[in-house]
Amino acid sequence: MQTFDLEAQGLRALNQALHDLKGQTNQTAWEVVNPKGSHAIAVGVDAPIDLTVRGSTGYYCAGMNKQATIRVKGSAGPGVAENMMSGTVIIDGDASQYAGATGRGGLLVIKGNASSRCGISMKGIDIVVHGNIGHMSCFMAQSGNMLVLGDAGDALGDSLYEARLFVRGSVKSLGTDCIEKEMRPEHLAIIADLLKRGEAEHLAKPSEFKRYGSARKLYTFNIDNASSY
Amino acid sequence: MCGIVGLFLKDPKLEPHLGQMLTDMLITMTDRGPDSAGIAIYSTGKVGSGKITVQSATPDVDFENLDQDLKNALGKPVLMLVKSTHAVLEMPADQMDAARAALAQLRPGMKIMSSGEGIEIYKEVGLPRDVAARFEVAKMHGTHGIGHTRMATESAVTTMGAHPFSTGADQCLVHNGSLSNHNGVRRELKRLGMTFETENDTEVGAAFVSHKLQEGETLGQALEATLTDLDGFFTFVVGTKTGFGVVRDPIACKPAVMAETDQYVAFGSEYRAMVSLPGIETARIWEPEPATVYFWER
Chain G
3 MQTFDLEAQG LRALNQALHD LKGQTNQTAW EVVNPKGSHA IAVGVDAPID LTVRGSTGYY
63 CAGMNKQATI RVKGSAGPGV AENMMSGTVI IDGDASQYAG ATGRGGLLVI KGNASSRCGI
123 SMKGIDIVVH GNIGHMSCFM AQSGNMLVLG DAGDALGDSL YEARLFVRGS VKSLGTDCIE
183 KEMRPEHLAI IADLLKRGEA EHLAKPSEFK RYGSARKLYT FNIDNASSY
Chain L
2 MCGIVGLFLK DPKLEPHLGQ MLTDMLITMT DRGPDSAGIA IYSTGKVGSG KITVQSATPD
62 VDFENLDQDL KNALGKPVLM LVKSTHAVLE MPADQMDAAR AALAQLRPGM KIMSSGEGIE
122 IYKEVGLPRD VAARFEVAKM HGTHGIGHTR MATESAVTTM GAHPFSTGAD QCLVHNGSLS
182 NHNGVRRELK RLGMTFETEN DTEVGAAFVS HKLQEGETLG QALEATLTDL DGFFTFVVGT
242 KTGFGVVRDP IACKPAVMAE TDQYVAFGSE YRAMVSLPGI ETARIWEPEP ATVYFWER
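Protein sequences, first through last, are from chains G and L.
Residue numbers for the first sequence follow the numbering used here, so the first one is 3 and each next one is one higher.
Residue numbers for the second sequence follow the numbering used here, so the first one is 2 and each next one is one higher.
Incorrect hints may appear among the rest.
[Unchecked claim] Listed next, the in silico BS3-like pairs over lysine-lysine satisfying Cα-Cα at most 30 Å (straight line):
#1 75/G x 255/L
#2 255/L x 174/G
#3 38/G x 191/L
#4 77/L x 140/L
#5 11/L x 75/G
[Claimed, not checked] Away from chain G, derived, C-beta distances all over 10 Å, residues of chain L:
#6 60
#7 127
#8 135
#9 155
#10 215
#11 251
#12 253
#13 256
If you're looking for bench data, these hints aren't it; they were derived computationally from the structure.
Glycine is no exception: its CB is placed at the ideal position from the N, C-alpha and C atoms.
Build the full structure now, drawing on both the sequences and the hints.
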């Protein structure tokens with residue numbers, strides 16, 4: 003186990019040490035102590051390591067992550083796992099706005115609530131939120147899956163492309179071009195897999211969710227839709 | 002970008018440490034606003050007395066014999082405490098209006114930062130650490146306080162453009178964001194009799210809230226009205242003699258984190274600002290919801 007004291011050793015030293023791990027490494031277990039809400043912790047990691055942050059983080063924790071499993075034993079500030087490529091990021095507490103924004107792959111698990119704009123412009127990432135998500139979540143989401151065990155805020159999935167949204171609780175309002183869709187067996191299988199990988203199997207059943215997706219009316223500019231843009 | 006910190010104490014045992022706690026929080030928010038900094042601090046004043054905090058670009062000239070001159074003008078006792086470019090003048094509460102009028106005559110170059118029974122405001126251009134040291138904020142006692150670190154967007158980096166803004170007795174407001182309809186709202190408020198010191202958007206937000214309070218609305222009602230009448234981005238934190246309120250615009254892109262324990266309610270633009278507070282590990286921590294008014298009163 004490599005233990006890194008962020009307060010004593012500094013952020014640049016941490017991220018440089020993590021960036022120096024190229025491809026396979028024997029140093030697979032990492033722990034960061036004294037994060038104290040610092041920004042940009044473990045950004046740009048590209049190695050199959052398991053890193054645990056003991057406390058809450060500031061902006062952009064685990065941004066652009068590839069391969070690594072990063073756990074935050076606290077809450078995360080804005081932009082956690084932004085543009086993640088692969089790997090897994092697990093937040094024990096809450097996540098602030100735009101969690102998982104533009105994520106291209108991997109899995110983001112938020113065990114508390116996520117704030118506004120969760121999964122905005124997601125492009126292939128899977129996001130599992132045990133609690134609620136805030137307003138304007140999945141805005142312009144292109145692909146990937148969003149699973150919410152709680153409720154969704156206003157304007158869910160506004161201007162949505164092909165991301166799949168599954169919400170168990172209430173949806174305060176749907177955004178433009180986002181509609182409820184029928185739940186087919188393949189969707190139930192996706193939910194079951196997300197519940198399992200998202201450490202939420204004990205919390206919900208696939209049959210309890212509703213599916214939301216794009217009505218596909220805003221894909222290309224159409225003058226008849228001008229009032230909806 | 003700007004940084005906001007706020008602290009509302011529930012436990013009187015912490016009151017001697019309010020200045021130190023707010024100073025630590027303010028300095029942590031330097032990255033969000035290195036242009037200028039300011040702090041409003043509230044304490045339980047002497048019964049029947051009021052305070053006016055004044056600021057001068059030439060304190061050596063303006064503050065010389067100021068207490069004596071004001072005493073002569075009012076015919077009542079006046080105490081003065083000078084702190085760098087600011088001075089706090091204490092007098093009987095019923096003399097506050099007369100004192101404001103007298104000060105405009107006696108020292109026309111001076112600016113009034115705040116007036117009221119409990120409030121003192123200190124603000125200057127410079128790094129938060131230097132501003133806090135200059136006014137010895139760390140030594141101050143109080144019941145609640147609000148601090149701001151500014152990265153200017155809407156108007157010039159000047160002392161008067163720094164936050165908090167006070168536009169009514171014992172009232173103050175700080176802001177992260179920018180208002181887009183402030184010119185129109187300022188015109189309307191001027192017509193209704195409010196006065197302005199700057200071209201700053203935040204001063205309009207402060208005057209808007211003060212005007213609502215003057216009309217008899219509660220702090221909660223006044224903050225609700227900002228959601229319908231003010232356009233733009235805002236997270237506001239507002240102080241009154243007995244209270245502390247928070248409101249975010251419906252888009253809520255300007256960050257806000259709150260923490261509450263049995264001892265205090267704290268506000269920070271980032272969680273970082275609160276990591277040194279006692280008991281933060283077990284505090285209830287949440288993000289205030291968009292378009293939702295929160296306030297606490299003692």
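These are the hints, each one checked on the structure:
Of the pairs offered as hints, the one joining residue 75/G and residue 255/L holds, with about 25 Å between alpha carbons and a cut-off of 30 Å not exceeded. About 22 Å separates the Cα atoms of residue 255/L and residue 174/G, which keeps this hinted pair within 30 Å; it holds. Taking the CA atoms of residue 38/G and residue 191/L, the gap is about 45 Å. The hint is violated against a cut of 30 Å. Among the hinted pairs, residue 77/L with residue 140/L is consistent with the structure: their alpha-carbon atoms are about 29 Å apart, no more than 30 Å.
Our distance criterion of 30 Å between C-alpha atoms is met by residue 11/L and residue 75/G, whose separation comes to about 29 Å. No Cβ of chain G approaches the Cβ of residue 60/L within 10 Å, the least distance being about 37 Å, so the stated non-interface status holds. Non-interface call for residue 127/L relative to chain G: holds, since the shortest CB-CB distance, roughly 24 Å, exceeds 10 Å. For residue 135/L, the condition that its CB be more than 10 Å from all CB atoms of chain G holds, with the nearest at approximately 27 Å.
With a cut of 10 Å on Cβ distances, residue 155/L stays outside the contact zone with chain G, its closest approach being about 23 Å. Listed as a non-interface residue, residue 215/L keeps its Cβ farther than 10 Å from every Cβ of chain G; the least gap is roughly 33 Å. Taking the minimum C-beta to C-beta distance to chain G, about 8 Å, the non-interface status of residue 251/L is violated against the 10 Å cut. With a minimum CB-CB distance of about 6 Å to chain G, residue 253/L fails to clear the 10 Å threshold, and the non-interface call is violated.
Against chain G, the non-interface label of residue 256/L is violated: not every CB pair exceeds 10 Å, the least being about 6 Å.
In this structure, the hints that do not hold are numbers 3, 11, 12 and 13, in rising order.
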